[in-house]
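K.L.:
So the sequence lines, in the order shown, correspond to chains D and U.
Each residue of the first sequence is one higher than the one before, counting from 2 in the working numbering.
Each residue of the second sequence is one higher than the one before, counting from 138 in the working numbering.
Wrong hints could be hidden among the right ones.
Said to hold, decoys possible - Computed cross-link-like contacts, DSS-like style, restricted to lysine-lysine with a CA-CA straight-line distance of at most 27 Å:
id, chain 1, residue 1, chain 2, residue 2
1, U, Lys216, U, Lys182
2, U, Lys139, U, Lys179
3, U, Lys179, D, Lys12
4, U, Lys139, D, Lys16
5, U, Lys179, U, Lys216
6, U, Lys182, D, Lys12
If you are wondering where the hints come from, they were derived from the structure by calculation, not from laboratory data.
Residue-level listing of the chains:
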Amino acid sequence: GAGVSQSPSNKVTEKGKDVELRCDPISGHTALYWYRQSLGQGLEFLIYFQGNSAPDKSGLPSDRFSAERTGGSVSTLTIQRTQQEDSAVYLCASSLQGWQYFGPGTRLTVT
Amino acid sequence: RKEVEQDPGPFNVPEGATVAFNCTYSNSASQSFFWYRQDCRKEPKLLMSVYSSGNEDGRFTAQLNRASQYISLLIRDSKLSDSATYLCVVWGGSTLGRLYFGRGTQLTVWP
């Protein structure tokens with residue numbers, strides 16, 4: 002596809018369950034980012050992958066959050082033992098040189 | 138101190154009005170600057186880059202003042218379709234390669 006894709010588009014899960022969110026970046030983009038956005042709030046940076054470098058994990062809110070990027074392409078964000086405060090839209094973006102293109106996001110609801 | 142600071146608004150203007158948004162950034166080493174637009178419940182999308190010489194795209198004009206670490210966006214002849222949140226974005230701040238997003242300025246254009 003031409004743009005960044007994310008799956009699932011919506012995810013409802015029970016508190017305490019683990020979830021995996023997937024991001025397929027634009028082909029050839031070396032950088033990949035995860036953000037989350039709560040309703041009416043700004044973007045909250047989570048993690049940043051650049052090529053083969055160690056990821057910048059400084060935005061992960063707790064050790065329940067982790068992410069990996071396999072083969073420099075697809076990325077998975079995992080949230081373990083989900084809490085209600087994890088409910089948000091999780092956005093993935095990829096870029097080549099600064100300009101960042103976002104996927105449509107995954108809306109996560111923890112009940 | 139936040140990397141990027143914006144007035145959150147909201148700005149409510151009539152059609153045809155001229156409106157200006159400002160933001161400041163904290164890291165003088167920042168290299169590139171952008172404005173993104175985010176419609177309600179959608180992902181952010183690149184609106185335009187910002188250059189030191191100033192640049193214009195139709196009704197939109199962006200300015201950068203490196204000495205003051207200040208970025209602006211001017212919208213002339215506002216349209217209803219301009220209603221959105223405008224995000225000020227800086228690349229290459231504290232962590233090279235990362236984009237830093239302001240919280241956004243909300244604009245509503247009324248008929």
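K.L.:
Hint by hint, note whether the structure agrees.
P.N.:
Hints versus structure:
With a C-alpha separation of about 18 Å, the suggested pair Lys216 (chain U) and Lys182 (chain U) falls inside the 27 Å cut-off, and the hint holds. Taken as a hint, the Lys139 (chain U) and Lys179 (chain U) pair is honoured in the structure, with Cα atoms around 24 Å apart against an allowance of 27 Å. At most 27 Å may separate the alpha-carbon atoms for a hinted pair to count; Lys179 (chain U) and Lys12 (chain D) meet this at roughly 16 Å. Between Lys139 (chain U) and Lys16 (chain D), the direct Cα distance comes to roughly 32 Å. Violation of the 27 Å bound is thereby established for this hinted pair.
A hinted pair counts as satisfied when its Cα atoms are at most 27 Å apart, and Lys179 (chain U) with Lys216 (chain U) qualifies at roughly 19 Å. Straight-line distance between C-alpha atoms of Lys182 (chain U) and Lys12 (chain D) comes to about 23 Å, which keeps the hinted pair within the 27 Å bound.
In this structure, the one hint that does not hold is number 4.
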